[in-house]
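Chains A and B are the protein sequences, given in the same order. To convert, note that position 53 of the first sequence is 53 in this note's numbering; the numbers rise steadily by one, no gaps. To convert, note that position 103 of the second sequence is 1127 in this note's numbering; the numbers rise steadily by one, no gaps.
The set of hints was computed from the structure by calculation and includes no laboratory data. Where is the CB? At the ideal position from N, CA and C, for every residue including glycine. Any given hint could turn out to be false.
Stated by the list, open to error - Here are the simulated DSBU-like cross-link-like pairs (lysine-lysine), alpha carbons at most 35 Å apart as the crow flies:
1. B:Lys1069 - B:Lys1152
2. A:Lys249 - A:Lys835
3. A:Lys989 - A:Lys1001
4. A:Lys176 - B:Lys1292
5. A:Lys447 - A:Lys35
6. A:Lys193 - B:Lys1283
7. A:Lys421 - B:Lys1152
8. B:Lys1429 - A:Lys176
9. B:Lys1463 - A:Lys200
10. A:Lys87 - A:Lys73
11. B:Lys1104 - B:Lys1152
12. B:Lys1292 - A:Lys607
13. B:Lys1069 - A:Lys447
14. B:Lys1429 - A:Lys193
15. B:Lys1292 - A:Lys591
16. A:Lys200 - B:Lys1429
17. A:Lys200 - A:Lys447
18. A:Lys176 - A:Lys447
19. B:Lys1152 - A:Lys200
20. A:Lys591 - A:Lys421
21. A:Lys656 - A:Lys646
22. B:Lys1429 - A:Lys911
23. B:Lys1429 - A:Lys35
24. A:Lys607 - A:Lys591
25. B:Lys1152 - A:Lys240
26. A:Lys193 - B:Lys1450
27. A:Lys447 - B:Lys1463
What the hints assert, rightly or not - Computed beta-carbon distance windows for the label pairs:
28. A:Gln343 - B:Arg1372: 41 to 47 Å
29. B:Gly1101 - A:Leu507: 40 to 46 Å
30. A:Ser474 - B:Val1456: 57 to 63 Å
31. A:Glu96 - B:Glu1333: 25 to 31 Å
32. B:Asp1217 - A:Leu558: 17 to 23 Å
33. B:Glu1333 - A:Cys40: 34 to 40 Å
34. A:Ala560 - B:Asp1459: 54 to 60 Å
35. B:Ala1093 - A:Thr473: 54 to 60 Å
36. B:Glu1111 - A:Gly512: 31 to 37 Å
37. A:Asn345 - B:Glu1333: 29 to 35 Å
38. B:Lys1104 - A:Cys40: 43 to 49 Å
39. A:Asn666 - B:Glu1333: 26 to 32 Å
40. B:Val1456 - A:Ala127: 48 to 54 Å
As a plain string of letters, each chain reads:
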Amino acid sequence: MKYLLALLCFSCIVGTTDAAQPVSFEREVLPLLEKRCNKCHHPEQQRGGLDLTRIDTIRRGGDELGAAIVPGKPEESPLLQVLTGAKESRMPENGEPLAPAEIELLRRWIAEGAKDDSTPFPADDVAFFEREIRPVLSARCFKCHAGDEAEHGLQLTSRQAILAGGVRGPAAVAGKPESSLMLRAIRHDGELKMPRGGDKLSDVQAAAFETWIAKGLPWPSNERVLAREKQFTISEADRKHWAFRPLPKELPAAWSIDAALRPHHERLGLTPAAEADRYRLLRRVSYDLIGYPPTPDEIAVFVADDSPQAFERVVDRLLDSSHFGRRWGRHWLDYTRNGANAQSNRGPAFDTRRYDNWVARCLNEDRPWDWFVRTHVAGDLMPSYEGQDYSIDQALAAAVPLNGPRTFEEITTQTFVLMDKLDEGVEFLGRSVLGISLECARCHDHKFDPIAQRDYYALLGFFQSSWFAPVPTSTKTRDEAVAAVERYRNLVSEQARHNGFIRHASLMLNVGGGGRVKQWQATRLPILAPVDRRLRELEIAVLEGEMRDAESRGETQLAADFRTALAERHTSLKDHRSPDYLAGGGAILGKYNHLIGGHKTEVGLIKRATAVKLPEVVRELEEQLGYWEEERGRWIERSRFGGYAKSDPEVVELAKVDDRILEIANELAVNASQCWVVPTTDVMYVRCEGGLRRAEDLGPLDVAAKAAGLQFNSNNADRVWLHPFYIGDARLLLRGDVLYPDKIVPRGVPQFFGALPTPRQGSGRLQLAQWLTAPDSLQAALAARTVVNRAWQHLFGEALCRTPKELGRLGEQPEIPELIDGLAVRFVAGGWSLKNIVREIVLSRSYRRSAIVEDGEFARDVDNRYFARQSVRRLEYEPIVNAVASLRTGRRYEDPVERDAAVPGIAEYAKYFDAPSVYDLLDRRTASISATQALFLMNSPSAANNLAGELVNRLGINSQAELGEKLETVYLNLVHRRPTVAERELARKFVEHRRSQTGEKNTRDEIREFVGLLLCGNELLYIE
Amino acid sequence: MMFSRRRFLTHVAAAPGITASGSLWADERTIAATQQPTHHPGRVKSVIFYYCKGGPSQAHTFDRPRHMADPSLHPFGFQKCGASGLEISDLFPHLQATADDLCLIRSGYGALATHNEGGIHIFTSASKLGASLGAWVLHGLGSGNPSLPGHVLLTGRVAGDRFAHDNGSVHGGARSVGAGGLPPSLQALSVTDLASPIANLDNPLDPAAQARWLAELRAVNGAFAARHRRVAELDARTESFAVAERMQTAAPEAFDLSKELADPIMRKLYGLDPQPTRSTGTKLLLARRLVERGVRFVVVPSMSVPSLEGGSGDWDTHTPTAVRGVIPNLALACDQPLAGLIADLKQRGLLDQTLIVWGGEMGRGGNGHMNHNGSAFTWWMAGGGVRGGAAYGATDEQGFTAVEKPIHVRDLHATILWACGLDVGKMSYNGVGFDSACKVAKEILA
């Protein structure tokens, strides 16, 4: 209730003033002026030469009207005159007029002599404020507590605002530090702790605040408001955050993963687990590095190899395998949303399989990760890895930021659609590459990380200056690519220009003819009415058929439903009225197609008539369908040619242009307005220079471009986007809202990370890419930390920092940041080689440890945050499907598409075993356990039963073999170890039990059923 | 190796969502619901959460702002309803009529103002384990019917629905109804096809043979489980087969609506015939059948609906067009079915033990309440012993910030769990429990 009162008082200052009291300049007038006038009339801006922040400047007045007030004479005071409209120009400009009570307040204040009642403070106290308080306020508080939308309604930018407070009540009470919320908050005394997410103020600073409040909050009289907007600041805490520090210059000679973990184990009393046994170790490392389990032969070799290098040999074999790139490439693909081409509205339809293959190749060749990352920003602008001047695969990789799920529909005309799309690019750069949440700064300065809103738009400019276009798949050189893009864009522009011409000419013809299109349409109504009526009769015939059918099957309820529907149709047929064809210019004609042919969830009449066997009706419906299609074409043609048919002599010129449009459509290899349609195999979409920009950003010199845009894009100036060759900066949007465009922000990098060192060329993506991995930079350190943290995650089941796409201050604090740093240093020193760092982790003792844990050890580290043991984890979707495919066929597959073809029911596996989403940047996979998964394995023919049969066949187990004899083969193939004595006993009991149950001996079935059990069992899906 | 009775029982406590008892190598089964002791007597046995996807505008539904910057953006009237005089938008005539059963919580805050994160947040943020509210309710109360999943997400459209534009979904996806760090078996079963809610129910084996098969599976899993006793997923997965087996018979019965569909009174009560309410009514009716059978937590998400002004949309209403065109249809879709659900539960004597919650992942603020807002949102609750005909808390005069009795998302969780007889201060798993800042708003409960 206290909060409520405070808030009411705050927002109703005017209403609650006691008329007997003189008006206070400090408490009433100045806050009102601040709220309504001083966005423009403050000392820096002084619009019209007027500064309304101080009494002396108010008296001095502005350029045009002189002194703003005449003390004692409100009616003669220009300030009041412009506010009431008595004098031009009326204020506030472009804003709501002041409320009568507010004007009355100013009137009274002027009538009372326009006095400044501000509390004067001794110069020493003001000096104390300037020295001790002001720097802290502006560096630590104004990031949130300033401007119109201050956090929790609290501005800390003026003395009066501090006293008035925010939603939680007054921030300070003059002279009473002990009852000042602000002091409690900065001392972290209570629930509210400020500054939020930053380092606490020092005791000395807090003491200064106490003194200051005790002195009554002294404030300079000549600067009542210190800031009118939020001020982005970078704090010491930002610089000290573990992921934002520079990497150590070098590591101690004795550094190793095991050595880095040891002190933590000792501190917590953890005894690291012993090395896993050979079978389990081989299984783990095989699945982890190549996504396939070991073969029985590989098991035999490793188990028999006594040399100390045995494991190292295995690791090197796996790293050299072509499956390594596929498996680890998949980890990267999780951060690219790859694989959703041809989804309606989502585009461009990239060749996702080609990209997948290219990623696998890069990783197999162990191309340096810094190069790989740069490629995803500027691959089209870099020489190819092999040394040519262009690589189409790299140009494809550079387009990956466009992979997001947001729509491309209307992207050339709707501002917000484009901004959403570009946002995905910034998100990709942040989340996938750097491991931070840049996209948070779209609407406001990042609340936790040192990323300002303008940093976001500085980065956005790179993406806005770039776009995508189709080029021939055979493109080998940069010149060819550039020429292909230019040709494509010229054709698209030409087509748009012609369309604009036709639209305009048609409008003239139509209007000139007194609404020729409508006149023609009206002639169609009497022709269409009987056809529509006949269609209704056909519909009744279908319903009758369906009713009879339901009756014949004894479904009385359904038959009754049909009867009701029929009655309704008969009634409406009696008084038949065609739909309103004229509404929407014949748009309704498209619905006939839905009704007759079907649409999405709607079953068409043809299908329904076929189902109840009415061939005559079907035939007639097909005729109807053709008729309405043709009619729709006619309507479109007439409205395109101003009421004429294309063949009419009056529109010969237009018809020629229209033909050229159709010609261009044929010349274009892709559907230019539907970029999600998969193009033919001889062209592919890639990244290119030059993007889209807002029509209002076209300067006065671009009148022609603007007019052209208006002509062929839309009739609404606010919505136009064109000029598809834009290379330039993005515009900051207030609160991220396209309706509130603000300043242009020069392209650049977040100020926390310094500046782009080299001069920008073109869009500047190449320079951005080089900056991203610049040696010894903070951003390169962040990118390297991100990679090693994720590599750890893929090898231990959990990352060192558990929020692998948020290493910033919103993420979780890692327990062992120095281990991430150490790995990152090694990674960079090793030439950003992924294979090297994976090798180093896998060869550590830590990786090789067993996952078995004693109760006491478990209790000391429940979540295994210190990795004194390995984890038990469920296989991800791809290794599960790999395993299923290789159980069926005994093969390992290079190509995931081929593999999927080898797994019957692959869609169900995808559903029940958590196939990755192509909508999100995935930082972790789900491992769901559900009864539906169990039902699938038990009951679906695609699952355990058939697979068991196929495996038994493939292993060549004949009908004489007993389970006991084949048990070792079965275990080696399914769980990659030999059965234990207990398991042999279990199998023996199983057979015995089965024979006593069925009274038969069928060895083949026994083996098959036992394999089925193992296929449903846990060990198959979990590695330890 | 044999599965010991003691171990079995230990793990029953670890994964109460799928508890059952049974003897190995035997063909007979006994199934019993777990009787988990609660921390204090609580009335609520089940929760039905009608989730409004997109963040419903409290100002257009259940919290009329006292001051509107632009009244044209608030085109819907409000009435004081029932004996209690609760103010409810005219978009909900049926809920207006049952106002004395509703407790409007107008001072929600602490939501996240982005959809995906917001969805995860309102379902999972109270605990440090990232477990959803449904998972905690199921964990705390134990299964009410081991033959059915205890936690269900109901999406989908009935045949012939030409109104809804999608099946309904929860922002945040699987994580919002997931188990987080709790045993994975507590995550929701997701139903997407109402005609065939659960796939693969036909088993080639007869019941006796199946029971034998399950016992064999436990035995086969035994050695691996014994190596890793602390990995709860392993037991959960083994048990998921037992649940699956029981579901083969229990689920078709639970999901069979034929009796209700033949009853004109039920059709009318839930609005099963009119297009706009057809699918929502069916899902809420299914939800009632499920809670009747002991399912603990059912989430029914709102669907996208056509806009009166063209296009379609969900509760994420950013424009005046969406406010005028979409909100009325969204309200229409849920008004009668929810009022019908309340009446139906009441007549069956189940309302007292079933808590109905209506709400979304955030509220709305800014001009015309068209922006995202984490500082104020309204949820309402009915049944489950909440104080009917009451309004809890209030927002500021523009309806942007919760100012009177502000109740954080985590407090709402604590309060719902309290109504179930569960005290978040005493709930934990592997030593990890709830945010210590959780407070129970006992005034909400009668």
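Verification of the hints:
About 24 Å separates the Cα atoms of B:Lys1069 and B:Lys1152, which keeps this hinted pair within 35 Å; it holds. Restraint check for A:Lys249 and A:Lys835: the C-alpha separation of about 22 Å stays at or below 35 Å, so the hint holds. This hinted pair checks out: A:Lys989 and A:Lys1001 have alpha carbons roughly 14 Å apart, not beyond 35 Å. Our distance criterion of 35 Å between C-alpha atoms is broken by A:Lys176 and B:Lys1292, whose separation comes to about 65 Å.
A distance of roughly 25 Å separates the Cα atoms of A:Lys447 and A:Lys35; the hinted pair therefore holds under the 35 Å criterion. In summary, the hint linking A:Lys193 to B:Lys1283 is not supported, as the alpha carbons are separated by about 58 Å, beyond the 35 Å threshold. At most 35 Å may separate the alpha-carbon atoms for a hinted pair to count; A:Lys421 and B:Lys1152 meet this at roughly 34 Å. For the given pair, B:Lys1429 sits about 27 Å from A:Lys176 by alpha-carbon distance, which is consistent with the 35 Å threshold.
Simply put, B:Lys1463 and A:Lys200 have alpha-carbon atoms about 27 Å apart, close enough for the 35 Å limit, and the pair holds. Distance restraint check for A:Lys87 and A:Lys73: the Cα-Cα separation of roughly 16 Å lies within the 35 Å cut-off, and the hinted pair is therefore satisfied. Using a Cα cut-off of 35 Å, the hinted pair B:Lys1104 and B:Lys1152 is violated, with the two alpha carbons roughly 40 Å apart. Under the criterion of a C-alpha separation no larger than 35 Å, the hint pairing B:Lys1292 with A:Lys607 is consistent with the structure, at around 31 Å.
In summary, the hint linking B:Lys1069 to A:Lys447 is not supported, as the alpha carbons are separated by about 41 Å, beyond the 35 Å threshold. Of the supplied pair hints, the one linking B:Lys1429 and A:Lys193 holds, its CA atoms being roughly 20 Å apart against a limit of 35 Å. Note on B:Lys1292 and A:Lys591: the hinted pairing holds, with a Cα-Cα distance of about 31 Å set against a maximum of 35 Å. A C-alpha spacing of about 29 Å is found between A:Lys200 and B:Lys1429, which places the hinted pair at or below 35 Å, so the restraint holds.
Simply put, A:Lys200 and A:Lys447 have alpha-carbon atoms about 16 Å apart, close enough for the 35 Å limit, and the pair holds. Of the pairs offered as hints, the one joining A:Lys176 and A:Lys447 holds, with about 30 Å between alpha carbons and a cut-off of 35 Å not exceeded. Note on B:Lys1152 and A:Lys200: the hinted pairing holds, with a Cα-Cα distance of about 24 Å set against a maximum of 35 Å. Simply put, A:Lys591 and A:Lys421 have alpha-carbon atoms about 32 Å apart, close enough for the 35 Å limit, and the pair holds.
Restraint check for A:Lys656 and A:Lys646: satisfied, since their Cα atoms lie roughly 9 Å apart, inside the 35 Å limit. Between B:Lys1429 and A:Lys911, the direct Cα distance comes to roughly 44 Å. Violation of the 35 Å bound is thereby established for this hinted pair. Note on B:Lys1429 and A:Lys35: the hinted pairing holds, with a Cα-Cα distance of about 29 Å set against a maximum of 35 Å. Only pairs whose Cα atoms come within 35 Å are accepted, and A:Lys607 paired with A:Lys591 is accepted, the gap being roughly 16 Å.
With a C-alpha separation of about 26 Å, the suggested pair B:Lys1152 and A:Lys240 falls inside the 35 Å cut-off, and the hint holds. At roughly 27 Å between alpha-carbon atoms, A:Lys193 and B:Lys1450 fall within 35 Å of each other, so this suggested pair holds. Note on A:Lys447 and B:Lys1463: the hinted pairing holds, with a Cα-Cα distance of about 26 Å set against a maximum of 35 Å. Range check, A:Gln343 to B:Arg1372: about 45 Å between beta-carbon atoms, so the 41 to 47 Å window is met.
In this structure the hint that B:Gly1101 and A:Leu507 lie 40 to 46 Å apart at CB holds, the actual value being about 43 Å. A beta carbon spacing of about 58 Å between A:Ser474 and B:Val1456 agrees with the range 57 to 63 Å that was offered as a hint. With their beta carbons about 27 Å apart, A:Glu96 and B:Glu1333 fall inside the hinted range of 25 to 31 Å. Range check, B:Asp1217 to A:Leu558: about 20 Å between beta-carbon atoms, so the 17 to 23 Å window is met.
As the Cβ distance of B:Glu1333 to A:Cys40 is approximately 37 Å, the hint placing it in 34 to 40 Å holds. Range check, A:Ala560 to B:Asp1459: about 55 Å between beta-carbon atoms, so the 54 to 60 Å window is met. A hinted range of 54 to 60 Å for the beta carbons of B:Ala1093 and A:Thr473 is consistent with their spacing of about 56 Å. Checked against the hint of 31 to 37 Å, the C-beta distance between B:Glu1111 and A:Gly512 comes to roughly 57 Å, which is inconsistent with it.
Roughly 21 Å separates the CB atoms of A:Asn345 and B:Glu1333, a value that falls outside the hinted 29 to 35 Å. For B:Lys1104 paired with A:Cys40, a C-beta distance near 45 Å keeps the hint of 43 to 49 Å intact. About 38 Å separates the C-beta atoms of A:Asn666 and B:Glu1333, a value inconsistent with the hinted range of 26 to 32 Å. B:Val1456 and A:Ala127 have their C-beta atoms about 52 Å apart, which keeps the hinted 48 to 54 Å range intact.
Comparing the model with each numbered hint stated earlier shows that hints 4, 6, 11, 13, 22, 36, 37, 39 do not hold.
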